[in-house]
Amino acid sequence: MSIDSFNFSNSTVSRKPIMGPSNVTIPNGEFNEQAFQVSIVSVMAVVGTVGNSVILGLLLTICRGDTTATPFVISLTVADLVVSLVIDSFHIKGILHPEFFIEHVYVCRTVGSMCVAGCIASLATAAVISINRYLCVCKRALHDAVFTNRGNALIVSVVWVYGALYVIPLWIGYGGVRYDLKTKNCMYDRTNIVFTLIFIIVGHLIPTVAVFAANTKLFLYVRNVKGKVKSPVVRGKLLKDEMKVFKSLGILCVYFVLSWLQYAVIVVSDPADDWPAAAHFLSLVIAHTSSSLNAVLFAATNSNMKKKVKKLCRFTKCSAKHGIKDTTDQMNTFHLRRIHGTGNRPYGVTV
Numbered sequence: 000m001s002i003d004s005f006n007f008s009n010s011t012v013s014r015k016p017i018m019g020p021s022n023v024t025i026p027n028g029e030f031n032e033q034a035f036q037v038s039i040v041s042v043m044a045v046v047g048t049v050g051n052s053v054i055l056g057l058l059l060t061i062c063r064g065d066t067t068a069t070p071f072v073i074s075l076t077v078a079d080l081v082v083s084l085v086i087d088s089f090h091i092k093g094i095l096h097p098e099f100f101i102e103h104v105y106v107c108r109t110v111g112s113m114c115v116a117g118c119i120a121s122l123a124t125a126a127v128i129s130i131n132r133y134l135c136v137c138k139r140a141l142h143d144a145v146f147t148n149r150g151n152a153l154i155v156s157v158v159w160v161y162g163a164l165y166v167i168p169l170w171i172g173y174g175g176v177r178y179d180l181k182t183k184n185c186m187y188d189r190t191n192i193v194f195t196l197i198f199i200i201v202g203h204l205i206p207t208v209a210v211f212a213a214n215t216k217l218f219l220y221v222r223n224v225k226g227k228v229k230s231p232v233v234r235g236k237l238l239k240d241e242m243k244v245f246k247s248l249g250i251l252c253v254y255f256v257l258s259w260l261q262y263a264v265i266v267v268s269d270p271a272d273d274w275p276a277a278a279h280f281l282s283l284v285i286a287h288t289s290s291s292l293n294a295v296l297f298a299a300t301n302s303n304m305k306k307k308v309k310k311l312c313r314f315t316k317c318s319a320k321h322g323i324k325d326t327t328d329q330m331n332t333f334h335l336r337r338i339h340g341t342g343n344r345p346y347g348v349t350v
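First residue of the sequence shown: 0, per numbering that gives the first Met the number 0; consecutive thereafter.
Source of the hints: derived by calculation from the structure; they are not laboratory data. No residue lacks a Cβ here, since even glycine has one placed at the ideal position from N, Cα and C. Treat each hint with caution, since some may be false.
Stated by the list, open to error - Have a look at the derived ranges for each label pair, beta carbon to beta carbon:
| # | residue 1 | residue 2 | range |
| --- | --- | --- | --- |
| 1 | F35 | E102 | 22 to 28 angstroms |
| 2 | V49 | W274 | 32 to 38 angstroms |
| 3 | K216 | G172 | 41 to 47 angstroms |
| 4 | A278 | A299 | 26 to 32 angstroms |
| 5 | S41 | A278 | 18 to 24 angstroms |
Make a model of the complete structure from these sequences and hints.
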């Protein structure tokens, strides 16, 4: 049975056949392209698996009380680890042996479903992180009321259930999951216009707007507070904390959303699936780089996490002193709330 005639989602996939590397002589040009694709995805898988494993370990142990956003960063890291370890591994399999997914249809559908649910949950989590940071600095009373231990657990659960809801239509025959000949990966049927628009507009666009709106309002708030300060010393301190706000979770969320935004533009712009395979393949790869680089960006831009990673790499004992020293939330927002007239001492952090 050839790839052309195989039905993945109750509809025939009519494309030029792509033969696997076995029992066939592959021209040098095609072999080089295949090797290049495998190399890129392999690097992504290794970097993402190692980086996310390290960050997840730190977040679950010595860094778990740093901010109220930590549970959501953990959730995002878990999703990234699944993409790097599972999705990218099967992507390599799809590049080398596409016939594997013809013979194992339910494996393909499972991998594609995990990719869809993880993508939606990750984008929603990025939006929650941005909103959490905005409320933490600008509306602390509301932040403390919402982001409690119970509230955080509920939000994480709702986010993952929300992601899983996108899979249901694919399994009941609306849309479908199939091996995509251009991206060489198992994913939802891009040619189903209705599902694709819902997936892109609701699943991608709304979280994107939330991320940029929250970070913009946070930036304007900090700038406004800084403008009221006459002391050069305090202004310098505010500028430092302003950069802290954006260097860590801000950069993480914005990069994550932008990497998926370009994918959304490519998919929506090619409803007839006429664009070259290279465009769709690279677009998906760029989107998945967020899962590989999120951990690296987080470790590189978060000063507290950077110190702990360095100590871990040097095999130095790294002990947390939660309850003794101020948490990241307290240090980042203390002077802002004091100058703004909303308190004269740090608030407690409910994590």
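Okay, the hints, checked on the actual structure:
no.: 1; hint: F35 - E102: 22 to 28 angstroms; in the structure: 26 angstroms, holds
no.: 2; hint: V49 - W274: 32 to 38 angstroms; in the structure: 33 angstroms, holds
no.: 3; hint: K216 - G172: 41 to 47 angstroms; in the structure: 42 angstroms, holds
no.: 4; hint: A278 - A299: 26 to 32 angstroms; in the structure: 30 angstroms, holds
no.: 5; hint: S41 - A278: 18 to 24 angstroms; in the structure: 21 angstroms, holds
Of the numbered hints listed earlier, not one is contradicted by the structure.
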